[in-house]
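Asks: Residue numbers (the numbering used here), protein chains in the order written: chain A, 60 to 309; chain B, 1293 to 1566.
Careful, some of the hints might be misleading.
Partial list, derived from the structure: chain B residues whose beta carbon lies under 10 Å from chain A [said to hold, decoys possible]: (1) S1307; (2) A1329; (3) D1385; (4) H1434; (5) H1504.
Derived contacts from chain A toward chain B, CB cut-off under 10 Å, selection only [unchecked claim]: (6) D158; (7) T212; (8) C261.
Derived DEER-like restraints, expressed as beta-carbon distance ranges [to be verified]: (9) D1474/B with W299/A: 48 to 54 Å; (10) P1397/B with P178/A: 43 to 49 Å; (11) T101/A with A1528/B: 49 to 55 Å; (12) P296/A with R1532/B: 39 to 45 Å.
Quick caveat, the hints were computed from the structure, so don't treat them as lab data.
Bear in mind the structure is a predicted one, so any value in this text is a computation, not a measurement.
Glycine included, C-beta positions come from ideal geometry on N, C-alpha and C.
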Amino acid sequence: MSYTGQFRVWRGDADGGALADFRVEVNEGEVVLDVLHRLQATQAPDLAVRWNCKAGKCGSCSAEINGKPRLLCMTRMSVFEHDEVVTVTPMRTFPVIRDLVTDVSYNYTKAREIPSFTPPAGLAPGEYRMGQADVGRSQEFRKCIECFLCQDTCHVVRDHEENKESFAGPRFLMRIAELEMHPLDVADRVSAAQDEHGLGRCNITKCCTDVCPEGIKITDNALIPMKERVADRRYDPLVWLGRTISRRRD
Amino acid sequence: MTAPARDVGSRGVDSPGRAAVGARTLRTDRWWLPPAATTIGILIFLVYATVRAFQQQYFFADERYLTPFYSPCVSYGCASEPGSAHFGMFLPDHPLIPYAALSLPFLLLFRLTCYYYRKAYYRSFALAPAACAVPEPHATYHGETRFPLILQNSHRYFFYLAVVISVINTYDAIVAFRHPTDGFVVGVGNLVLLANVTLLWCYTLSCHSCRHVMGGRLTHFSKHPVRYRLWTWVSALNTRHATFAWITLGTLILTDLYVALVASGTITDLRLIG
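This is chain B alone, in the form it adopts within the complex (with noise of 0.2 Å):
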């Protein structure tokens, strides 16, 4: 039994006072693997994004099919898909403007803000800690207390705007099932871009913000009935934020590969009905 030096000026578990223990972590588990995971998550999210987004090609498929990266429509290039721009084109078309450019930068701060999210780039990108029980590698913290991570603070009114992209989203899949020539349609793509603006409320209606707006900040439900029971139901959604968050960055990677893969031609799109 040898007792471990401590280091002058010290700091966190090795502060004096505390016990001398000799090393950083005694985690003996996998630590490492959920940070790992995730920042290979993000990346290969926000990878295949930035190429859709500036891709500017394969967006709208069947002559129905808009895919989410691409919604609304509002640029002077989406002239070259007729029948994509459900909300008039005013953009310039320029290869480092992307056709959706009025709603991704807000989707992308939306999630950004978003209160899992930020656990997780904490987590795995800031290493703050990279786990519980294992040290931070910062020699200073000031948590969301300082620019620019006290802008964390208007993550409700990027939930306002995600709102209005949802029912945009929706639009954009109910519209789906009306083809130009052959009227009511059914495919696969219907199903998929369903599916997909489906799990994307759920991940909107869930966020903690919402929650907060609903109800959250009364102190007196038994006078706000309503607003109880709204509080209610996004509360038992919101504990399932963190899995609607990984599943809609997954739906909308595979919905924007099946339009893409339709407009492309290398698939065909199934029809069901019509």
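Only chain A is shown next, with the shape it has when bound in the complex (with noise of 0.2 Å):
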């Protein structure tokens, strides 16, 4: 069944811009993203929206439906009301380039701050063995399509600009956890996390597992277990203490 809604779209640049007001088609089965497709088709030509593959695995469609994260192909009409106004928006975090299209490169920046996967001195690729027990915490984080929604809902950086500096955000702290917990990486990565990544401004809100389209549970599973090995390192005297015993006897 199809009919009329109605939708409020930001048009823009870094500049300034401001809402606008359609009245877009809605067919039965239609996603957020497919309207603005006809949004496009029929009366705004040159909106701009970043999208790929409409199956919720590119991580290209992210924006603020109803002042939400969310991607816009996952996203249902069929949950919002007929008379109901749907408003679409940039993500907040990151500079606008024009309407829909955010600047990420802050993403791009962090990632690359992150020292890569260091296997064991002499094992070459195609020797490593692991456990699937090993492995299964770090494959969680993998299914990460990095749509940059953990980010863009990040208290930390959302609303303070100034932290962006100090704070690697979720997405990248997961990485770090993810590397930290691989059975064959060998490099430290506690302190940094805490130092250089920032891992201490995390105040465990869970806005970012709250919009993951995933569905990883990045909180509960990342980090606050990298703030468990933070707490082992600096401030647990007894782990430090047995650490110490441990470390004489070899």
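Take each chain as given, in its own frame, and dock them per the hints.
Replies: Now the structure itself:
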């Protein structure tokens, strides 16, 4: 069944912009991205929107719908009432380029700051052997599609631009956790997580987990375990004592 | 379509370069409801627990039911209810010293530093943030990098103490099956104490620090199959940690209320056996 939906879409660029009202045909089974494509085709051919797979796997069409960070291609129109105004804006944590397209280069900068996988010396690719139990935890984090919705919703950078310098954000703290838990990674990532990537700024309010389209338990399975590893290293004299004694025995 | 003016010195979502939307949040759902409900729930518990901890009355019923708010009863004031002090009496009997002053501060700190409660009160009391994609009111933010919030890293020590206190609560629930004169008896109060202590164990063992201690700190699970199995069990419980956090606030109040009502003679404990 078709109906005419009411939409408010942010139009503009870094110099300014505003929400523009549109009335667009909506058909059964459609998602918000379908409607935006119809809007482009019929009323606003210059509307900028980034998209690619339309299947929730490329992470391109991240935006905010009625104030919530979401993928445009995974938000069904059936979740809205027919007379409800659907407001679409770009992600509000990153600089806007035009309309719904933002500059997410902050994330690529943060990605480059993390040392890559570091296998033991003398172990060549092809010689890696790991038990499934050992890699299970990291595999959850590999589901990340890098839509950056978690980065967008994290109040540490969303509400405090000045923290971008010192805070990697949930996506990249999760990347550190993935490598730290990897059975063949020998790099020491715990101190760097706290000192260089700002793990201590995370106050575990779980918005990153709430918005993750892949359902990754970022807070419970990555951020809190990393905080516990930092506590092992920095704030637990018993663990320090145990490690000191075991090192002396070795 | 009018372009909203951007404030000079604006911050957060209004920072220069970001989309000038003109509204702090565009959320249309009732995002304020969960933090408001959390605030009310926590305040109800704090008021009730404070009143009861300092009441120093109606804490021991039918000569065998000891409320968890008075366990372990280690004040000289516990002498007013013979049989309530299972571990001796050595704290002074003073109106400002709870009879269970040995356990209550640590239980409070266990919950205060709990990863779930941190989320709950950061959202509901500190509004940092009140809800996802709703701007927080603070001009600056340092998270848990500075005093006093850096002390949240001591959570594991309060977990260890909470385990000890849960063992004491379990002991209380078990000895409550023995009446000084009637011998082995089972009353509704026994079932209430048992249910309460079971749920307290669920909350304590589902703790994130417990999960880490059991096996989370390992990198090679396959070399530690027993700890891996323990980690797997605790991980399953851990997914319900928030649920247990709220359930146990409720069961602590209900258990204490039941003991207080029986102790004051308002209701009579129904005996099922004995």
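Asks: Go through the numbered hints given earlier and state which of them the structure violates, listing their numbers in rising order.
Replies: Failing hints, ascending: 2, 3, 12.
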